[in-house]
Every structure is written in C-alpha cells, then in structure tokens.
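Engineer: As you go down the protein sequences, you meet chains A and B in turn.
The UniProt record's numbering numbers the first residue of the first sequence as 1 and each following residue consecutively.
The UniProt record's numbering numbers the first residue of the second sequence as 1 and each following residue consecutively.
Fair warning: there could be bad hints in the mix.
Unchecked claim - Below, a list of computed lysine-lysine pairs in the DSS-like style, where the Cα atoms sit at most 25 Å apart:
1) 31/B x 77/B
2) 176/A x 2/A
3) 150/B x 138/B
4) 196/B x 89/B
5) 123/B x 150/B
6) 2/A x 124/B
7) 7/A x 176/A
8) 138/B x 196/B
9) 31/B x 196/B
10) 123/B x 109/B
11) 77/B x 103/A
12) 30/B x 72/B
13) 7/A x 123/B
14) 124/B x 176/A
15) 89/B x 150/B
16) 23/B x 72/B
17) 176/A x 150/B
18) 176/A x 123/B
19) 295/A x 176/A
20) 124/B x 137/B
21) 150/B x 137/B
22) 176/A x 109/B
23) 295/A x 150/B
24) 2/A x 123/B
25) 103/A x 72/B
26) 7/A x 124/B
27) 123/B x 138/B
To be verified - With beta-carbon atoms standing in for the labels, derived distance ranges:
28) 4/A x 130/B: 18 to 24 Å
29) 127/B x 4/A: 17 to 23 Å
30) 30/B x 84/A: 56 to 62 Å
31) 80/A x 60/B: 54 to 60 Å
32) 110/B x 107/A: 34 to 40 Å
33) 130/A x 151/B: 43 to 49 Å
34) 3/A x 4/B: 54 to 60 Å
35) 123/B x 19/A: 31 to 37 Å
Bear in mind the hints are in silico, worked out from the structure with no lab data behind them.
In this text, a Cβ means the ideal position worked out from N, Cα and C, and glycines have one as well.
So you can see what is in the structure, the chains are spelled out below.
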Amino acid sequence: MKNTYVKFLISFLALASTPFILSLFHLNLLSEILILAIFALSLNVLVGFTGLVSLGHAAFFGVGAYTAALVAQHFSANLLATLGIAAFVSLLFAAIIGAFCMKVNGFYFLMLTLAFSQMIYSFIHQSTNLTGGSNGLSGIPKPEIGAFSFANPVLVFYLVLVIFMISYAVLRITVKSPYGQVLIGIRENETRVKSMGYNTSLYKYSAFIIAGVFGGVAGTLYTYFNGFIAPSDVYWTMSGTVLIMVLVGGSGTMLGPVLGSALIVILETIVSSYTSLWMLILGAVLIAFVVFFPKGMVGIGQSLYRRFTNKPSVVNEKKSRAA
Amino acid sequence: MRTDHILTISRVGKSFGGLHILKDISLEVKKGERIGIIGPNGAGKTTFFNLLTGDLEPSVGEIYHDGHNITKQPNYKRARNGIVRTFQKNNLLNELTVLENLLLVLQRKQGFGKVWYQLRNIKKYPRLYEEADELLKKWGLFYQRNAVIKNLSYGEQRQIEILLGVAMEPSILLLDEPTAGMSQSETDYIVNLLYKLPRDLTLMIIEHDLDIVFGLADRMVVLYDGGVLAEGEPEKVRADERVNKIYIGSGDELVC
Ligand SMILES: Nc1ncnc2c1ncn2[C@@H]1O[C@H](COP(=O)(O)OP(=O)(O)OP(=O)(O)O)[C@@H](O)[C@H]1O
Ligand SMILES: [Mg+2]
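With the rest of the complex left out, here is chain A (with noise of 0.2 Å):
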C-alpha cells in the first residue's frame, strides 16, 4: 500500500521537474500525452474493465471542450467555473446517452455510441453561430484563478499535471474498489454476476457516466491547452485513435492507456514530420499489437520482466492486470 503513494509521488515529481529538462515544444507534446491519456484512461473504464466497447468517446471529449470554451467565452475564463460546467454538462450528456446505449450490448453498443457521436458532431458542424462551425472556436481565453492566469505553456502544463494526478488517482480507486471488481465481473460474465445479485443496468451506467465525465474533463484540458478547438476533435477519427490507445497500451490496466497516449502522439508527431500517412502508420501499429502483442505496451513489459526475472511463467498468469 505504501509503495503506491511512493511510485504516485515520484512519478509525480519526475513528471513535474520536466519543464527544466525539456525544450517547450518537448513539453507541449507531453501535455498533450497527459491529456490524452486522461481521454484514454477514461475510455478504459468502459472498453477495459466493463467490457464495453464504445466508438463514440470523443463525443464526451467534445461536449467538455466546446462547453469549456464557450464558458470562457461568454461568460467567465475562471478554472473552476469552466471545468465545473464542462464535467456536469459532460455528465447530462453521459447520463442521456447512456440511457439509451445501455439497452443493448457488443455490436450494438458501439453502433449506437458512434451514432450519438456523430450527432453530436454534425449538430456543433452545422451549428455555425454557436460552435463556430467548421471552422471551430478560436481565441479562447486561457483558465484564471482569480487574478493569476494560466498564460503561458509551462503553467499549462502543471495544470493538465496535476489534473492528470488527479483523475489516475481516482480512476485507480475507482477500478480497484468492490465497485470496479464488479465491473471487471460484468466484462467477463455478466449473467453470472446479475446471478450474484447485483444489478448489472446500474453497474454499466455508472461506469459510463464516469467515463463520459473524465472524458469531458480531458476535452477541457484540451481546450485550456489550444486555446483552439474544431469539430474534427469530435469525429469518430479521434473515437477511433483513443480506442486505439487504449488497445495498444493495454486495455484492462491502468499504465496501459498512458503508454498507449504516449506510443500514438509521439509517433504521429514524428511519422508527420516525414510523411502524410499518419493514417496508414497507425493502421500499420495497431494490426502489430492485435496480431502479436495482445495485451498491449503492459503485456510486453510484463513478459519481459518475467524473461528477466526467470519466473516460472504463465501457468496461473491472470489477464493483463499490472499497475
């Protein structure tokens, strides 16, 4: 138990010293893993321990970063104020939305979650006086504590870091809880777990409100850290690559969606520089892992450390459960 708040604190110190070793274009793209990884680690709590796979997340990411900035817009830039509002209008979405897709399962749940997405994504494309429409929300004001702004990156970037603390934090107890033992029981038998006596409906809802909520809080950070958002962040594209992240890091964990975060934007930010088949690279990636790394960036380094550390090796092996 101890040793988890020890890793907790060092990470989090490692992660904040960063500034002084890294060029801000370094720490800009770190920022942006950290948001991302939020986004991931919230698609999680759905894909990776509920079972539920949903390709219609960057919904939630975009209610929270369209709310964001239009709060800072037109009312006030003020950090709780923006935040608040965006996580609860993240969470009215969640709630409507997940009443719906709640009532079905597999193919059908991700049919209807894009479905929902893409509403939600063509109403803010066409919705040109309010979202700006396609050509998105420009000049939103940087977040404010009272007098003290987040002007410049490198605030910024202690901003989305100790949000991201924060929201690991929580997610991991949330996941490690009698609460996400359900939920890991619902992924892997829900007829038997309904058999114990717990109302799966409700397990399933709340676990998507939760993710829809993180979801809405990385859209925010997003929003804090552009100062920019367009309607191609809430295109079933960015539905696609978080679910991406999530597969190749390691559904299921929670260092998994983090590395998987990590993997995809530094590689689309060097595979960019050279090339314009980002798409097709990750592609490319993704095939990799499904074909011969299952369990992601974590199932690797898991066998790895069983290679060497010579243990005795799979017999009782659980799924992919690190971290």
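Knowing the structure of chain A, use the given hints to seat chain B with the ligands on it.
Structural biologist: Positioned in the frame of chain A, the structure of chain B with the ligands alone reads:
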C-alpha cells in the same frame, strides 16, 4: 398467500415461439424442504429453474416467494432475496481467480461495493478475505485459492460453481445437475457437502443420478412433456409405473 410455503408456483407455463415447453405447473414448497426434480432430457427442468430465478419470465402463471408475487421481479433482486441458483453448465468468471470469483459474492453479502461511494481498495476489507479463506478451507479448495478458473479441472470448476451458490447464503438454493461431468470421487465429495447443508435451507435439485437425488430429497417431482408427471415421497415415485416407463422409454434407467 399462505406464508408457511416459502415458494408457491401457481399454474406456470412457458412457451418459446409456438413451442409449449412447460404447461401448467403448480407446486408448493415448504421452508427447509428438499425437492428433487427429475425428468428426461428436454423435459423443461432447467427452464423451470429459469422461471424461478427470473432468468426467464413465465408466459402464464404466477410465482410467490414468502407470500410476495415475484413473477415479474428481475433475477438480481430474487438472488438478493435468497433465491439462488447454480448452473447446469459451469458459468464462472473464467479469466479471474477462484478468490476473485468468491470475493464478488461475499462483498455484496457483506455490503461492500453495493454503493459506489465505497471507493476504497478492495484489499482494505480484510473481513472479505477472511470469510473467503474460511469457505475455501471448508470446501477443500484453499490450495486453488489464487488459481485462474480456466486452469482448473472441470470437477474443480464444478465445485466452485456450487460454492458460489452456497456462499450467497440463500434461503432457496436451486442446483441444476450439480454432479454433471464429475468423477465418482468428486461426486461423492460434493454429495457429502450437500448433505451437510443447513437443514433450514430449502433445496431444489435437478439430478440425473437418481441414487443421489432419491437419497437427498424429501419429495420428488417428475417433469415430463412440460408437466408434472408424478410427485411425492421418493419411495412412492420410485415405485410409480409411469415414471419407470418414461425412464425406460427414454433409455435412462431409474437406477443408474
Ligand atoms: N431460450 C430458449 N429458446 C428456445 N427453446 C428453448 C430455450 N430454452 C430451452 N428451450 C427448449 O426447451 C426444452 C427444454 O429445455 P431444458 O433445458 O429446460 O430441458 P432440461 O429438462 O433441463 O433438459 P436436460 O436434462 O438436457 O438439461 C428443450 O427442447 C430446449 O431446446
Ligand atoms: Mg437442464
């Protein structure tokens, strides 16, 4: 409703499409009674259990539990209220360990994880682990505590299947062919455990091994062609000509 009956099944039927699998079944079960249910393959025994647990809704008829009409109550509520089943085919959380399967049952019983504000690491509830270990020791499964279900033998999985049911501390336990697919020694072991179940626990047991079920049951119900063919004390049912006929007719022997 009379409440000396823990379960009252009143003119219940179930059809799938146009097929009437169960027609007009009525049965009253007293608290602590042990009822054996037999019948040839496809007679509708499992379907009958599904109606009692709420996994399926009857097409007609009503079911009462302790005097309450539960015909439309969802299965998880019935399970909470003490109507618990085990499955004919092992239906476990195969990728998780024995302990994790068991904890899931115990945490709800002990009231953890029922509400999501109890967000603490599950390891911080030592009482859960104590009870789990106690049960595993009692069932002779402690040595498999951390084994993943899918790596266990079929017989061991079968034991876990039944253990999960018993661990819920039900008031009515429905066992669907508990010894199916087990070796003789495993069967003996399980039957012995079943005999040791508390006497006030109401038991309904579907079993093809007639020796087991005739020994265990206070009362037998024979399902045939969607209806109750015979009902009564084991000796009476064993002597019943119609029962002998269908068992011989279907290729099964009354004494296996
Ligand atoms: N969900 C369903 N949809 C359609 N038909 C079903 C369904 N469930 C069961 N049946 C049919 O109902 C009949 C009775 O099935 P059931 O499983 O209740 O029999 P059983 O008495 O338990 O048999 P066994 O001894 O083989 O376990 C079978 O013919 C089966 O095919
Ligand atoms: Mg059956």
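Engineer: Against each hint, give a clear statement of whether it holds in the structure.
Structural biologist: We went through each hint and held it up to the structure:
1. 31/B x 77/B: holds (19 Å)
2. 176/A x 2/A: holds (15 Å)
3. 150/B x 138/B: Measuring from Cα to Cα gives roughly 22 Å; hence the hint holds.
4. 196/B x 89/B: holds (23 Å)
5. 123/B x 150/B: Holds - the C-alpha atoms of residue 150/B and residue 123/B are around 23 Å apart, at most 25 Å.
6. 2/A x 124/B: Given that 25 Å is the threshold and the Cα spacing comes to 13 Å, the pair holds.
7. 7/A x 176/A: holds (16 Å)
8. 138/B x 196/B: With a Cα-Cα distance of about 11 Å, the restraint between residue 138/B and residue 196/B holds, given a limit of 25 Å.
9. 31/B x 196/B: holds (17 Å)
10. 123/B x 109/B: With a Cα-Cα distance of about 16 Å, the restraint between residue 123/B and residue 109/B holds, given a limit of 25 Å.
11. 77/B x 103/A: Satisfied, since the Cα-Cα distance of roughly 19 Å is no more than 25 Å.
12. 30/B x 72/B: The hint holds at about 22 Å.
13. 7/A x 123/B: Judged against 25 Å, a Cα distance of about 18 Å means the pair holds.
14. 124/B x 176/A: holds (10 Å)
15. 89/B x 150/B: holds (14 Å)
16. 23/B x 72/B: holds (18 Å)
17. 176/A x 150/B: Answer holds: residue 176/A to residue 150/B is near 22 Å, not above 25 Å.
18. 176/A x 123/B: Roughly 8 Å between the alpha carbons, so the hint for residue 176/A and residue 123/B holds.
19. 295/A x 176/A: holds (19 Å)
20. 124/B x 137/B: holds (22 Å)
21. 150/B x 137/B: Holds. Residue 150/B to residue 137/B sits at ~20 Å (cutoff 25 Å).
22. 176/A x 109/B: This hinted pair holds, its Cα atoms lying about 18 Å apart.
23. 295/A x 150/B: holds (18 Å)
24. 2/A x 123/B: holds (13 Å)
25. 103/A x 72/B: Roughly 18 Å separates the two Cα atoms, so the pair holds.
26. 7/A x 124/B: Distance of about 19 Å is within 25 Å: holds.
27. 123/B x 138/B: holds (22 Å)
28. 4/A x 130/B: 18 to 24 Å: With a Cβ separation near 23 Å, residue 4/A and residue 130/B satisfy 18 to 24 Å, so the hint holds.
29. 127/B x 4/A: 17 to 23 Å: Between residue 127/B and residue 4/A, where Cβ atoms are some 21 Å apart, the hint holds.
30. 30/B x 84/A: 56 to 62 Å: At roughly 58 Å between Cβ atoms, residue 84/A and residue 30/B fall inside 56 to 62 Å, so the hint holds.
31. 80/A x 60/B: 54 to 60 Å: Given a distance of about 58 Å, which is inside 54 to 60 Å, the answer is holds.
32. 110/B x 107/A: 34 to 40 Å: holds (37 Å)
33. 130/A x 151/B: 43 to 49 Å: violated (56 Å)
34. 3/A x 4/B: 54 to 60 Å: holds (57 Å)
35. 123/B x 19/A: 31 to 37 Å: Holds, at about 36 Å.
Hint violations for this structure: number 33 only, all remaining hints satisfied.
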